[in-house]
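In case you want the letters, here they are:
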Amino acid sequence: MDRREIKTVLIANRGEIAVRVARACRELGIESVVVASEADRGALHTRVADRVIEIGPGPAVESYLRTDRVLAAAAECGADAIHPGYGFLSQSAEFADAVEAAGFAFVGPSGDSMRLMGDKTSARRAMAAAGVPIVPGFEGEGDEDVETLRVEAIRIGFPLLVKAAAGGGGRGMRIVRAADELDEALDSARREAEKAFSNGRLFLERYLEGARHVEIQVLADGHGRCLHLLERECSIQRRYQKIVEESPSPMLDPAWRARMGQAAVRASEACGYVGAGTVEFLALQSGEFFFLEMNTRLQVEHPVTELLVGLDIVAWQLRVAAGEALPWSQEEIVGQGHAIECRVNAEDPGTDFVPSTGHVRLAVFPSGPGVRVDQGFESGDEVPIHYDSLLAKIIVHAEDRDAAMRRMRAALESSAVLGIRTNLEYLKSILDHEVFVRGEATTAFVTEHMQDWESSAPDGSEPPEEALVAMALSEFLGRGGGAVASDGPESGDASSPWDVPDGWRAGS
Amino acid sequence: MRTHYIVGDHVVPVEVRKGKDAGRFTVTVDGAVREVELVRGLGGQIQFRIDDRLVRAFTAQDGDRRFVRVAGGATVEFDVGDSVRKRARSGADEGVLAASMHSQVVAVEVAVGDVVSTGDTLVVLEAMKMETRLVASRDGVVKSLSCAAGDVVEPGVPLIEVE
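As they're listed, the protein sequences go chains A and B. Under the numbering used here, the first residue of the first sequence is numbered 1, with each subsequent residue one higher. Under the numbering used here, the first residue of the second sequence is numbered 1, with each subsequent residue one higher.
If we strip away everything but chain A, and leave its shape as in the complex, we get (with noise of 0.2 Å):
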């Protein structure tokens, strides 16, 4: 692969991930350029950024997800290369052959690399050559007997879902947890297929109950080297979205972990890849693990593995995307420690969820040891309608889970995201529950553990004094930036050291 000077590179994104490579760019010297919408306009990545060109109006389709006018934003301030960040563009072959046709270096795997994995089909056929399990399954026609179908099943093996091909939403589905059940399954999910989708087609695949989310880091460079950085368990999420995640996974041991890794390597060798991406499995407590998908670009959760292995990822996809070689050998990549993340949504947990938008009056993060703070929003940001809920991401990092878990809860009690709605109080009831202390969540654990959630103060229900007199004396100083209400004569004296604007210490 050959060398390109990187000199300026334009970040295709937003929030926190524009941020993240904005500062990863400063340390390598390479001038920064982000897009953004007119929503953005004054957003934190417009401002740590060193350029920002302005590329259309708020919704996502008319900015941000415009090759057209990301390509000519580039051409705009001659940029050498695209980093699409995660989301928006990043998973988009069409966009990745557009940027390097418009002789931009792309931050990122190939197109053909990116079609192969984004089809589900080609990719577990791929997935398969390569000898990278994948879940076992059949897809049928619609016109085997039922003596195929038990063949096929019998070959997958049990606990065993039978789902129409056609289907959705639990309809035609059918969990067989042994051969006998089986007859009356394929029956009756056909008969249900047909009649509500009128096509019995059938699809089966092995059921795996209590699994978990494991996925692994890999980076591969343009020289022929492809190395894994280890997992990361994620199998905390609601709705598919992950919103705990760490590194090691509890679950695994170190023999299990090198299967895994060397499997994730297979699969990016399949497909040529090129860059840092991830190989999401299922795992299975038995130590079976299965191929779901891989994501062509970099990760929300990143920094888990950044920080447990001390690499710094984004540094490394512009110098691969650069021509630069990796210079490590696997076993030169080693964890240390443990990592945890949290990701802090804008949305109210206390009623289902709803996203929060407007307003941050005030955004507060703690540092310390081990803390590390990826956040896209801060005090006085609006956030806007029209993209995804995600204000900041929480990581730790100590000598052992024990100790990173403690380091969680410090970090999420000591934090405090004011004028919007956010998932904090949540968070810290995740760290503090006894399956995931144990280090036993499934993908399951949301809605088997978090359905009854509650905050401790429900809208409506009186605060706790202290938060009273917090807020009482924080307006009798005269902070907050708003008037003070009905402020006595006593309180009107201009020279009094509680009104100075910008603080007062006991003992300064």
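Worth flagging that the hints you see were computed from the coordinates, not collected in a lab. The reader is advised that the hints may include incorrect statements.
[As the list claims (entries may be wrong)] Taking lysine to any residue pairs in the SDA-like style, the calculated list, with each CA pair at most 20 Å apart, reads:
no.: 1; chain 1: A; residue 1: K428; chain 2: A; residue 2: E382
no.: 2; chain 1: B; residue 1: K18; chain 2: A; residue 2: E465
no.: 3; chain 1: B; residue 1: K129; chain 2: A; residue 2: R66
no.: 4; chain 1: B; residue 1: K129; chain 2: A; residue 2: P59
no.: 5; chain 1: B; residue 1: K129; chain 2: A; residue 2: L65
no.: 6; chain 1: B; residue 1: K129; chain 2: A; residue 2: Q237
no.: 7; chain 1: B; residue 1: K129; chain 2: A; residue 2: A60
no.: 8; chain 1: B; residue 1: K129; chain 2: A; residue 2: D388
[Said to hold, decoys possible] Facing chain B, from chain A, some residues (calculated, C-beta under 8 Å):
no.: 9; residue: I313
no.: 10; residue: L362
no.: 11; residue: G419
no.: 12; residue: E462
no.: 13; residue: A467
no.: 14; residue: A470
Being a predicted model, the structure only gives us computed values, none of them experimental. Just so you know, even glycine gets a beta-carbon here, dropped at the ideal spot from N, CA and C.
Since the structure of chain A is already known, use the hints to place chain B on it.
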């Protein structure tokens, strides 16, 4: 300083007075008198001692709205004011529908004069990739409509009325 915090429909009188010594305050909440020693108060972060306990808290305001998080506790919100005011709430009148959150109108499915039945989708809203629908809560006729596709709407502001 004297004020009232409105928590739900409960009004809590609050008073703050400077004490004789620097950094000492008397804070009265709902009649209960508390002696408070301020440690630090800066930029929405405050630390004080109350009954020998050190309290760290974060505070912010937005108009009449007040936000507080005592470190380790839940974030609480309440209002400030002299009397109980009715906050704009969607569905106060069952025929009037409003967005429950700051969102964008994706589609308006009906026009003024249309006959609708309970459960019909009237307006489709979207915020942060999440779609919500305002559906008719009664049979009737669309009497007024005050939004169009593409509009950004505030929570609680009436968008459509069915009579």
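(request) Please write out, lowest number first, the hints stated earlier that are contradicted by the structure. (result) Hints 1, 9 not satisfied by this model.
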